[in-house]
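Using the sequences provided together with the hints, build the complete structure.
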Amino acid sequence: MPRKDLQPLQIYRLLPRTNCKLCGCPTCYAFAFNLISRSRRVEDCPELLKDEFGESFRALKKMLGEGERIAGSDHVLDRSRCTGCGDCVAVCIRALTTITKNGRLAQRAAVPPPLKVMDGRLQVVEWSSCKRAVPGLDICNLCAEKCPFSALDLVKPEEPDQEDS
Amino acid sequence: MRSRSLVCTGCGCLCDDIQVQTNDSRPILIENACAKGAAHIQASFNPERRPHCTIGGRQCGPGEAVAEARRLLGNSRNPLIFGLDSSTLSAQSLAIALARKLGGSIDSAASFSYGPLLAAMLGGDLPACSLAEVKDRADLLLYWGADPPNTHPRHLSLHSYYAYSEYNPAGWYPRVTLVCVEVRRTELSSMSKPAIRIKPGEDRAVIEAITGEAQSQVGAAQGLAELIRKSHFCVLFCGLGLMHSLGGDPGPLVRMARLFAGSTRMAVIPMISEVNMMGFCRLLHQTAGQVSSVGFKDGTAAGREHSFLEQVRRRSADCVLIVGSDPFAALPQSVMENLGDAKIVCLSPLATASTMAADVVIPTALPGVECGGSVLRMDGVEVALAELEKGAYPTEEAVLSRLLEIL
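Protein sequences appear in the order of chains A and B.
Residue numbering for the first sequence follows the numbering used here, beginning at 35 and increasing consecutively.
Residue numbering for the second sequence follows the numbering used here, beginning at 46 and increasing consecutively.
For lysine to any residue, the following SDA-like pairs were computed, each having C-alpha atoms within a straight-line distance of at most 25 Å:
1. B:Lys238 - A:Glu179
2. A:Lys165 - B:Met236
3. B:Lys238 - B:Ala306
4. A:Lys190 - A:Gln44
5. B:Lys244 - B:Ala270
6. A:Lys150 - B:Asp61
7. A:Lys96 - B:Ser235
8. A:Lys150 - B:Ser235
9. B:Lys275 - B:Arg249
If you're looking for bench data, these hints aren't it; they were derived computationally from the structure.
Predicted model, so just to flag it, every value in this text is computed and none were measured.
This is the structure we're talking about:
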C-alpha cells in the first residue's frame with residue numbers, strides 16, 4: 035500500500051545521490067520530486083537497478099506502490115488493486131456539485147463526471163470537471179480517500195523542472 | 046460500432062447501468078461494469094472459456110448430446126438435478142417440471158448456503174425490503190459476515206452506502222451509518238464506523254445477548270443494540286459468514302427482528318452471490334412448499350435426504366444433471382469423489398471443473414449476454430435481462446424443454 039505522506043527528503047535518502055542525470059532529471063533531489071508526483075518510475079534510475087541498491091529499490095517500491103499516473107490528471111492508479119467498484123465515481127459525483135464559497139456550502143453548476151469505470155478499471159474521462167483542475171476551488175481528495183483497496187492516490191500537479199533543480 | 050445497455054450477470058448485484066460498445070458483434074468497451082462483471086461479459090466471447098459439446102470426452106453435435114442425456118436420465122433410478130442458481134426463471138420452471146416428470150430430486154446451492162434464511166423470509170418470519178428502499182430510506186446499514194467490496198464490488202456504490210436517489214440526494218454524507226460485524230479485518234471494516242470485531246463462532250452469542258436470551262453479556266452486543274434502537278430504518282445484510290456461524294438456523298435473526306419491530310423498522314437482505322438463487326427458491330417454494338432439497342419420487346417430499354450433499358455422500362444419486370453451476374469447484378474434492386460411479390450431465394455456458402468431470406456436456410447460451418430472460422435479485426425484485434448478441438449455443442430453456450419433450 036503506498037504511503038500518502040511522502041516527503042522528498044525521505045525518498046532522496048534512498049537514492050544513489052550521484053546526480054548522474056541518466057534518468058533525465060538534473061539532480062537526484064529533482065528525481066525524488068518526480069517520483070512523488072509519479073511522473074518518473076523507480077526503474078528509471080539505472081543506478082537503483084544495481085545489486086548494491088537492491089534494498090533501497092525495494093524500500094522505494096514499497097513506499098510508492100505500484101500505481102501509475104493516469105495521463106493528464108492528478109490520479110495515480112494501481113491497476114492490480116482496482117476492482118472497478120465505482121465507490122470513487124459515486125462520491126465524486128456528490129462532491130462535484132458542492133463547493134465551499136466564503137466558508138459556506140454552495141451549489142456548483144452541473145459538469146460531466148470526471149471519473150468513469152471502463153473495462154473494469156477506473157479511468158479519468160473529463161479532467162477539466164475535477165475540482166482539482168479548477169483553480170480557486172478547495173482541494174478535494176474524496177475519491178482516493180474512499181477507495182476500499184487503496185488503489186487510488188492523488189499527487190500534486192507536476193512541478194516544473196527549474197523548481198525541482 | 047453500436048452501444049447497447051445490459052444487465053450484468055457477473056454477481057448477485059445485477060447492475061443495470063452497463064453500457065457495452067460492440068464492433069462486429071464483439072464488445073470493445075464495457076462501461077460501468079466492475080472487473081468481475083467485465084470479465085464475465087468478455088468470457089462469453091473467448092472461445093477458450095466456452096466448453097465443447099461432448100459425450101465421454103468425444104466431441105459431438107448438440108442433438109446427439111441431448112439424446113445421450115435423455116438416455117442417461119431415462120435409465121436412471123434416482124436422478125438428481127442440481128444448480129440453476131444462474132439460470133433464468135423460465136429455465137428453472139422447466140427444470141422443476143423435468144424433475145417431477147423424472148420422479149427425481151432437485152436442489153440448488155441454497156441448501157448449504159442461504160436456504161434456511163430464504164425459507165424464513167418467504168414464510169413471512171423475517172421482514173424484507175427492496176434495494177430501492179435501502180437507497181431512499183435506510184439510515185443504518187449493518188453488514189454481518191459479509192464483505193461486499195470483494196464479493197459484490199458495486200453493491201455499496203449502486204445499491205447501498207454511496208448510492209443516492211431523488212429522496213436521498215445527500216446520500217452517505219450526513220445520514221447513513223455503515224456498520225460491519227466481522228471476525229477479521231476486511232476492506233468493508235476499514236470503511237465502517239463502527240467496525241465490530243467478534244470472535245469466530247460468536248455470532249449467535251452476540252445476537253442472543255442483544256435479544257436478552259443469553260445469561261452473559263458480550264461486549265459488542267450493547268453498542269450494536271443501541272445503534273439499531275436509535276435508527277429509523279435498519280437493514281441487515283446477512284452474509285455467508287453469519288449463516289455458517291449460525292449453522293443455517295435463522296431463529297436468532299427472527300427473534301432479533303421481532304425484538305426491534307416495535308421501536309424501529311428492520312429488514313433483512315441476504316448477500317446472495319448467485320444471479321438467481323432467490324428466483325429458484327421462490328419458484329420451488331411456490332411449487333413444493335420448500336426452498337431447496339425437494340424429491341418427486343413418491344409425490345412431493347422435501348428434506349435433508351433429498352439434498353445434493355446428502356445424496357452425494359450416500360452415493361444414492363446415479364445420474365446428476367448439473368445446470369449452470371459448478372459444484373466440482375465449490376465443494377471439497379473428498380465429497381465430490383463420491384460421484385465417481387454416477388453419470389454426470391452438465392449444461393453450462395462456460396468451461397468449468399464440472400464440465401471437465403461430466404460424461405455429457407451441452408454448452409448453453411450465457412444468460413444476460415447471449416440470451417434474455419428474467420431473474421430475481423437478492424431483494425426479490427424481478428430484473429429483465431437484455432441480450433447483447435445471440436450466440437451459436439442453445440439456451441438452457443431450449444435444452445430443458447427438449448429433454449422434457451423426449452423423455
